[in-house]
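Asker: Residues per chain, in single letters:
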Amino acid sequence: MKAARYLISGVGIVIGLAVLMTIVGIAEGGRAVLNNNFWHSGIKVYDIEFSDMGLSAEKYLRPLDERSLTAKMPEVKYIIPVRRLEAKLMSYKASGSVTALAVNEKYEKYANLKMLKGSFISGQDVENANKIAVIDDITALELFGTTDIKGQKLELMVNGRKAGFVVAGVFKNFNKNIETLFDDDIPGLCIIPESVPLDVSFDFKMEKLIAFVDDGLHKEEVNAKLTHLLEKEYGLEGVCSIGEYEQLPEVLKFTDKYMIFAVLIALAGLIAGGAGVMNAMLLTIHERKKEIGIYKLYGGGVRELQYAIVYRTLIICLGCGMLGLALGLFAASFIGSCMNINIKITFISIFVTVAASVFAGIISSLYPAYGIKLIDATETIWED
Amino acid sequence: MIFDETRVLIRTEQLCKSYRFGNEMEEAVSGVDIRIMQGEFIVVEGFFGKRKNAFFNLMGCLERPDAGKYFFDYEDIALAKGDMLDNIRKNKIGYLFRNFNLITRLSAAENIEVPMSGLNMSREEKEKRLAKAQKSLDIEAIAEEKVSALSDTNRQLVSLARAVVNNPLMIIADEPAANLDNMGGQKLMEHLQSLNNGGMTILLFAEKPDIKLFSNYRLILFEDGRILEDKQEYTLSQSREGVLK
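Residue numbers (the numbering used here), protein chains in the order written: chain Z, 1 to 384; chain E, 385 to 629.
Hints are computed from structural coordinates only; laboratory data are not their basis. Some clues are possibly wrong.
What the hints assert, rightly or not - Straight-line distance between alpha carbons at most 20 Å, and here's what the computed EDC-like set of lysine to aspartate or glutamate pairs gives:
no., chain 1, residue 1, chain 2, residue 2
1, Z, 257, Z, 231
2, E, 434, Z, 383
3, Z, 290, E, 447
4, Z, 373, E, 494
5, Z, 205, Z, 47
6, E, 465, Z, 376
7, E, 510, E, 447
8, E, 530, Z, 287
9, Z, 232, Z, 47
10, E, 465, Z, 304
11, Z, 117, Z, 148
12, Z, 290, E, 470
13, E, 453, E, 467
14, E, 434, Z, 148
15, E, 476, E, 447
16, Z, 373, E, 470
17, Z, 290, E, 497
18, Z, 88, Z, 137
19, Z, 289, E, 608
20, Z, 373, E, 467
21, E, 434, Z, 384
22, E, 510, Z, 304
23, Z, 290, E, 494
24, Z, 289, E, 497
25, E, 434, E, 608
26, E, 434, Z, 379
27, Z, 290, E, 536
28, Z, 225, E, 470
29, Z, 289, E, 470
30, E, 530, E, 494
This structure is a prediction, so every number in the text was calculated from the model and none was measured.
Please take these sequences and the hints and turn them into a complete structure.
Answerer: This is the structure:
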């Protein structure tokens, strides 16, 4: 019963630290993904979106490859063209709706795809325009009943026309995130090399270009240069707009906000939990007033009794902290897996959690320890 | 009663202690002069209440006097600083109460160990002292039992074992036999007598005149915070009637 009382009293610490670990784990994991995506520091990512989607496939099937862009604009380090098409994907036994994306080999890192089987499109596949495809695990299960389908044949179908592909790999579906977990209508994904020549009826729309640009350049300069270059390439004006969206700093700012939020929740939890534990300790001292009086009668040093209270409070707070840490890790893992983020728990975050629990323990033990000093043995021994 | 006439265990001069009774401060112990030699068996008798408690607290070194002097084993209690009182209580005094003052959630042996909890000694030494105390009172058989499950007599014997475990100079007892039956009271008094015969000073507070004693003792009448009478050397025959009721 006492253990339950202490656990309940420290539930604030459990919740506070669990929330902290969850948010920190996911945010750190997200940061790691982003940092990983950007390969190295000093790179900014620009999403170049096309305002006019009326451009047909033959006009811009390969309007701007990496080589031509990087040649014209050396500040551009890499480029990923992203073309999109809603199509039907068929196997020998079933079919399903998919969103087909035509991209290059760098998309895997950019989108943080986790390959379950086989491999992603390679640079060579793009170079040689190999007719291979990688699909998500849910689509693989729908079409084949298994994800172990490397080498299997697939057909992409649009308006009755078909194009054959060989499966190179299966990745974890990142569209099935926490928001769409229970939505069965989300189409699957089929990714093919952007260089694969297809029939004109495969009217891929240029969704965006993802440009990795040297950090040393001013935003305005990048914007002007890229806009000029792309519009010149298409021969149209106002066809594209460059989002001055600097993903990394924006996301870091976003995660920073969440971190502050998490720290505030953890702080509130620690205060509430600490007060709860303090209350439980005061209750224990009250219940054991006579016992403490007897120890004092026999010269049991106040200091030893106070140490005992501090020790016990520390153990409770540390226990609650560890429980919060475990729950936080579990919650972060679960949410991370839904969001396709590998959570990242650093030594520092564990150290901070443990230190916060110890700090809460010490603070909440001070008043009860002082309370022991106030107990008068001469009063307690005469109580019947 | 064998006592060391050369060793003064307790000496007081105009000992005073005041307490708040309601809204007013009253003198619970006023101007007590007393001298107790090591090895004496003292019975403090009289109408008891808070004044007796105050006198007990002072004699048992639980509190410092407000005025006057109190020397326990040549140490000035009135001027005691820091852990001095704790150390005296830990090493030199054992306590017995009518309500036993045992920790009910602990076993008999754990209760007996309480006075040793603050002492810097090895586990072996503690176990040795524990075994000696249990054996001297013949309570080894109940050592592992929770005190809440024991009879009143056994509880008081556990309480006595706790009092003697550190081999103190004095045992101060507040009506220890009041809640015991005749047999239990007799057994307890025999043990106290035996301890006294071994040279331990016994300071026994007893409200009723039928003091359960088997041997000589010194009777002090304590009323209204003062010592009214200090009679030396009652004999076995004089007290036997009281013991047997």
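Asker: It remains to establish, for every hint, whether it holds in the given structure.
Answerer: Comparing the hints with the structure gives:
no.	hint	in the structure
1	257/Z <-> 231/Z	violated, 37 Å
2	434/E <-> 383/Z	holds, 12 Å
3	290/Z <-> 447/E	holds, 17 Å
4	373/Z <-> 494/E	violated, 23 Å
5	205/Z <-> 47/Z	holds, 15 Å
6	465/E <-> 376/Z	holds, 17 Å
7	510/E <-> 447/E	violated, 28 Å
8	530/E <-> 287/Z	holds, 18 Å
9	232/Z <-> 47/Z	holds, 18 Å
10	465/E <-> 304/Z	holds, 18 Å
11	117/Z <-> 148/Z	holds, 6 Å
12	290/Z <-> 470/E	holds, 17 Å
13	453/E <-> 467/E	holds, 19 Å
14	434/E <-> 148/Z	violated, 88 Å
15	476/E <-> 447/E	holds, 15 Å
16	373/Z <-> 470/E	holds, 13 Å
17	290/Z <-> 497/E	holds, 17 Å
18	88/Z <-> 137/Z	holds, 16 Å
19	289/Z <-> 608/E	violated, 30 Å
20	373/Z <-> 467/E	holds, 13 Å
21	434/E <-> 384/Z	holds, 14 Å
22	510/E <-> 304/Z	holds, 18 Å
23	290/Z <-> 494/E	holds, 16 Å
24	289/Z <-> 497/E	holds, 19 Å
25	434/E <-> 608/E	holds, 10 Å
26	434/E <-> 379/Z	holds, 11 Å
27	290/Z <-> 536/E	holds, 19 Å
28	225/Z <-> 470/E	violated, 85 Å
29	289/Z <-> 470/E	holds, 18 Å
30	530/E <-> 494/E	holds, 9 Å
Checked against the numbered hints above, the structure breaks hints 1, 4, 7, 14, 19, 28 and satisfies the rest.
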